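Guided by the hints, dock chain B with the ligand onto chain A, whose structure is given.
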Amino acid sequence: MSKSITSDVPQAADEQHGTNRRGFLKCGVWAGTGVAWIMSGGIPRSMSLDLVDTALADAASFSFVQISDSHIGFNKAPNPDPVATFRQGLQRIKSLPTQPAFMIHTGDVSHLSKPDEFDTAEQIIGESGFETHYVPGEHDILIDDGKPFFERFSKSADGWYSFDQNGVHFIALVNVLGFKSGGFGHLGEEQLAWLQRDLMAQSASTPIVVFTHIPLWMVYDKWGWGTDDAAQAMSYLKPFGSVTVLNGHIHQVIQKIEGTVSFHTAYSTAYPQPAPGTAPNPGPMKVDAGRLKSLLGIRDVNSLSTTQPLAIIDTPLSA
Amino acid sequence: MPIDKAYRARTSAIVACLLLLTPHLAYAVMPDGMEMPPSVTRNVPANVPVATSSDQVEIGNFSFSPMALTVAAGTKVTWTNHDDIPHTVVSDDDPHLFKSPPLDTDDAYSVIFQKPGTYRYFCSVHPKMVGTIIVKAP
Ligand SMILES: [Cu+2]
Chain A
9 MSKSITSDVP
19 QAADEQHGTN
29 RRGFLKCGVW
39 AGTGVAWIMS
49 GGIPRSMSLD
59 LVDTALADAA
69 SFSFVQISDS
79 HIGFNKAPNP
89 DPVATFRQGL
99 QRIKSLPTQP
109 AFMIHTGDVS
119 HLSKPDEFDT
129 AEQIIGESGF
139 ETHYVPGEHD
149 ILIDDGKPFF
159 ERFSKSADGW
169 YSFDQNGVHF
179 IALVNVLGFK
189 SGGFGHLGEE
199 QLAWLQRDLM
209 AQSASTPIVV
219 FTHIPLWMVY
229 DKWGWGTDDA
239 AQAMSYLKPF
249 GSVTVLNGHI
259 HQVIQKIEGT
269 VSFHTAYSTA
279 YPQPAPGTAP
289 NPGPMKVDAG
299 RLKSLLGIRD
309 VNSLSTTQPL
319 AIIDTPLSA
Chain B
328 MPIDKAYRAR
338 TSAIVACLLL
348 LTPHLAYAVM
358 PDGMEMPPSV
368 TRNVPANVPV
378 ATSSDQVEIG
388 NFSFSPMALT
398 VAAGTKVTWT
408 NHDDIPHTVV
418 SDDDPHLFKS
428 PPLDTDDAYS
438 VIFQKPGTYR
448 YFCSVHPKMV
458 GTIIVKAP
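Residue numbers (the working numbering), protein chains in the order written: chain A, 9 to 327; chain B, 328 to 465.
Just chain A, same shape as in the assembly (with noise of 0.2 Å):
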């Protein structure tokens, strides 16, 4: 992995990120650089890999790492074998200085449902021998409403749920059930009544993180790139001091902050998607394969205490 550092925030829009729309923060790595981003009240900074690497010899530190849309089953232009890169993203994990307490998958873990899509990640993600914790993307639920998805890898039936770890707060939700017609990504009145109550449990200096497929705000409308009911649900987050929502779905790193809130969506491992508006539709850019790498990748997440704010590096798969 590259070590050099990125300029301080915010990027300037470039090429393949290039929307430039106000509040949205960039990072720069897709020139292959790995880039640290440090929340401090609010204002984000760069930090050096290095520096990263320091800060977790404290023994307190853990780190986990957030793979997503894997996309197993798609077998098209840019990429015929996301299997492959998968497994690159993974080997790349083993390769990480601090070795994660965990991981977690963003959905779309496979491409149409099929079992043995399911399979195959189950596979991999098993030999690299990480616990993993999922939600699934609208490209799992395809079959029965997601009961295949939900059986193999969720744990609750209802497909969301919450852990601790070194004092973080995780939660998991489910935003890619129960879609509507010219809609967008939902999460329910059962689900957002669950998420009050388990918040109601938690201390306001807790960090939260909160996981799910699709973006928590709306990174574009017409590609229905948004969350429905996501603002009941930050409402619920509003009083705590931290929080971290990470999410897949639209194969690319873009980043916002509001508040205490910084919003952050991941890189696929299979191919990857335009920026908002600056193609007919969403379908996969088709990259050719040199470049292809570079715009795949894995996010590691860094607590370096419970009283500093987390440190997020995403890495393509060329770095």
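You may find that some hints are simply not true.
Simulated crosslink set (SDA-like; lysine to any residue; CA at most 20 Å straight-line) [what the hints assert, rightly or not]:
no., chain 1, residue 1, chain 2, residue 2
1, A, Lys84, B, Pro429
2, A, Lys84, B, Ala435
3, A, Lys188, B, Val398
4, B, Lys455, A, Tyr228
5, B, Lys426, A, Asp152
6, A, Lys294, B, Asn388
7, A, Lys122, B, Lys426
8, A, Lys230, B, Phe389
9, A, Lys230, B, Asn388
10, B, Lys426, A, Gly154
11, A, Lys230, B, Gly387
12, A, Lys230, B, Ala435
13, A, Lys122, A, Tyr169
14, A, Lys122, B, Asp434
15, A, Lys84, B, Phe389
Computed list of chain B residues with no C-beta within reach of chain A, every gap over 10 Å [stated by the list, open to error]:
no., residue
16, Ala378
17, Pro422
18, Ala435
19, Thr445
20, Val452
Simulated from the structure, these hints should not be mistaken for lab results. These numbers were taken from a predicted model, which means no experiment stands behind them. The beta carbon of each residue, even a glycine, is placed where N, CA and C say it ideally should be.
Same frame as chain A, now just chain B with the ligand:
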């Protein structure tokens, strides 16, 4: 457009007879909208009606084309996915009057519309994709 309950009940009885064809498989839709397991044979139930005509909806560029299609009652409408990403064809009604399996590239799905009316549908993977079939009395 909400369909009232009596109308839906009548429509369901007709939907019971819908024949859904993909290039390789035959599906039959049960009255409650649930699909029977795919049959590898072409043996279809005896009560399945024969379509009097056929028409097409193309799925491409993450949209249904034409977005609104008008057909005569008895027409078999076939959707074919030309995108490199899977889509579905699902009626807006709850419960769904028709609901395709995931359609990968070049997969097709058909519904025979016997009853005049306006049938709105969407893609359950990309709910921004919407379309309408308007069925007129022949
Ligand atoms: Cu679709």
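Each hint, compared with the structure:
1. A:Lys84 <-> B:Pro429: holds, 17 Å
2. A:Lys84 <-> B:Ala435: holds, 19 Å
3. A:Lys188 <-> B:Val398: Distance ~25 Å between A:Lys188 and B:Val398 Cα, so the pair is violated.
4. B:Lys455 <-> A:Tyr228: holds, 12 Å
5. B:Lys426 <-> A:Asp152: At roughly 11 Å apart (the allowed maximum being 20 Å), A:Asp152 and B:Lys426 satisfy the hint.
6. A:Lys294 <-> B:Asn388: holds, 14 Å
7. A:Lys122 <-> B:Lys426: Roughly 18 Å separates the two Cα atoms, so the pair holds.
8. A:Lys230 <-> B:Phe389: holds, 11 Å
9. A:Lys230 <-> B:Asn388: holds, 13 Å
10. B:Lys426 <-> A:Gly154: holds, 15 Å
11. A:Lys230 <-> B:Gly387: holds, 16 Å
12. A:Lys230 <-> B:Ala435: Violated - the C-alpha atoms of B:Ala435 and A:Lys230 are around 26 Å apart, more than 20 Å.
13. A:Lys122 <-> A:Tyr169: With a Cα-Cα distance of about 24 Å, the restraint between A:Lys122 and A:Tyr169 is violated, given a limit of 20 Å.
14. A:Lys122 <-> B:Asp434: Satisfied, since the Cα-Cα distance of roughly 16 Å is no more than 20 Å.
15. A:Lys84 <-> B:Phe389: Given pair A:Lys84, B:Phe389 holds - Cα atoms ~16 Å apart, limit 20 Å.
16. Ala378: With a cut-off of 10 Å, B:Ala378 remains clear of chain A, as the shortest Cβ separation is near 26 Å.
17. Pro422: holds, 12 Å
18. Ala435: holds, 16 Å
19. Thr445: Its Cβ never comes within 10 Å of chain A, the nearest being 13 Å, so this holds.
20. Val452: violated, 5 Å
Of the numbered hints given earlier, the model fails hints 3, 12, 13, 20; all others are met.
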